Every structure is written in C-alpha cells, then in structure tokens.
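Please model the complete structure; the sequences and the hints are all you need to start from.
As a plain string of letters, each chain reads:
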Amino acid sequence: MMRAVFSALSGALFGAGLLVSGMVDTVKVQGWLDVFGAWDPTLAFVMGGAILPMAIAWIVAERRKTSVLGTPIPAKPNQKLDTNLILGSAMFGAGWGLVGLCPGPALAASFLNGVSGLVFLVAMVAAMVATPALRRALTAIGDTAWTSAR
Amino acid sequence: MLEQDWIWGFVGGLMIGGAGALFLLMNGRIMGASGIIGGLVDGSGRSNWGERLAFLAGLVLFPPVLALLYGTVDTRLTDNVWLLIAAGLLVGFGTRIANGCTSGHGVCGISRLSWRGLAATIVYIVAGGVAVVAFRHLFGVI
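Keeping their order, the protein sequence lines are chains A and B.
Just so you know, the numbering used here puts 130 at position 130 of the first sequence, and the rest follows in order with no gaps.
Adding 1000 to a residue's 1-based position in the second sequence gives its number in the numbering used here.
For the record, the hints were derived by calculation from the structure and aren't laboratory data.
Since the model is a prediction, treat every value here as computed from it, not as a measurement.
Ideal placement from N, C-alpha and C gives every residue a C-beta, glycine not left out.
Just so you know, not all the hints are guaranteed correct.
Said to hold, decoys possible - Pulled a few chain B residues facing chain A out of the computed Cβ check, cut under 10 Å:
hint, residue
1, R1029
2, L1113
3, V1126
4, G1140
Here it is as structure tokens:
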C-alpha cells in the first residue's frame, strides 16, 4: 500500500515537473532539437536540473542497498552497447522529433493534448503491446538465417 | 522571455529529478516512463502492476489539475493524424526495444554514470534532430 502511495506521489511530481518545465509544449521540444532553426536551449536546463537531485539519490541509494520501503536498489545493468539499444533509440528519437512527444510528457498531457494526443497514445501503447511479439518474430527469423548459414 | 523559460525549465527539471529520487529511495524503482507503462501493457510487469498503475495515475491525473492554475496550457501538438500515428509507433517500439526513453536512459541513466544511458541519449537526440531538420527544413511537413 505504501509503495502505491509513494508511486502515485512520484508520478504526480514527475507530471508537475514536466508541466512547469514547459516540456509538454511540443513545439518547444522540437525547437531544442532544431539546430538549424531558432534553437531553444530550455531542454538542456531541464535535463541538468533533473540529473542533479537524481545523481545525489543514486549515491545515497547505492550506499543503502535497499529502499526505505525495503525493496532492493536495482543493480547497474550490463554496460555493453548492443544493436537493440542503438536501433531502438534511433527509432524513438525519430518519433520524438516528428511530433515533439516522448512517453513522459505524452502521458502527463493526456488531458491537455486533445484528440491528437489520444491518437499518439493509442499508437504508442499498441506498439508497446506488440513489441514482445515483434522481438520473438525477429529472433525466429534471425535463428533461421543463422542455422541455414551453417 | 527566453531566460525566464530557462529558469522554469531548471525548476521543472529539479521536480522531475526529485520525483525520480523519491521513486528510487522510497520504492527502489527506476523512474522510466516507457518502462513503467510498457511493462504494464505487455504483461512483463505483472508482479508490481499496482505500483505501475499508481505512478501512471499520478502522472496522468495531476498535471491537468495543476494546469487549471495556469489557465490554459497550449501544448501546440500537431493535428496531422499520419504524423501522430507514425510518431506514436516509432516511440512505442523504439523505447521498448531500447529499454528506455528520456526519463529512464536520460535522467536516471546519466545521473548514475551509465554508459548505456548516455549512448542511448546521444542516439535519440541526434535522431530527433535529424527528424526535425529533415521534416521541417527539407520536406516542410512540420
């Protein structure tokens, strides 16, 4: 129960931060990505502001090993760079630039973006639901190519 | 006007980082928007669905309440349906394949000095820049 309470509080504070920082303004986000237009540096200030308290939290968390509510602090994942990380990030970035929405602000502005926002959210969630199947299909194709090549 | 935007950007950033810090220190969880919703809708996060749902409830429901204080919040989102669908699919597939987005890889990853987070952030910012420059200045669509 306490986990749900603090989870909701984190979500609310995250959403408030996205609103206050102006990150729900899609044209502003695109303005930061547009290095050949009227470049808007705001997003760099948002990132800097967000990384500061988060870096302190990591230092504290890694010393404590467990969270206040007793759950383990997630271990640092394998640091190998792989195709999924690079390819997926490239796809995500392209979509982000196209309309100026990434998952956080898209969710925070669910009730502020009108019908357009819903169209984006439905497409995004549909893709998220389909990803495990796509992953399995790609692995299957990869395996066939790999075995037939041998 | 721009300088004021930077200050609000920094203040909002501190709130975003504060939210991530709260989620990590209280719940022991990484605040990644795509991972929280992705794990909920594809079933991989079944073991802690309540925590995910609570986070999303806060994230979706609080900003519109706060927006009332602002009067109107214009998000200036495009109404081009094809762009919205294409972008939604790219963001959905991309973040799940890469296992993170701006909040997970960017905010939580870089602050932990994670090379994967930094690499992902560089790639999606470059890809986003290319998309904006191409579709705005070359094709004139956005």
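Hints versus structure:
At a threshold of 10 Å, the smallest CB-CB gap from R1029(B) to chain A is about 7 Å, leaving the interface hint in force. Because the closest C-beta pair between L1113(B) and chain A is about 8 Å apart, less than 10 Å, the hint holds. Look at V1126(B): its Cβ gets to within about 7 Å of chain A, closer than 10 Å, so that hint holds up. A hinted interface residue such as G1140(B) counts as satisfied when its beta carbon comes closer than 10 Å to some beta carbon of chain A; here the least separation is about 12 Å, so the hint is violated.
In this structure, only the earlier hint numbered 4 is contradicted, and the remaining ones agree with it.
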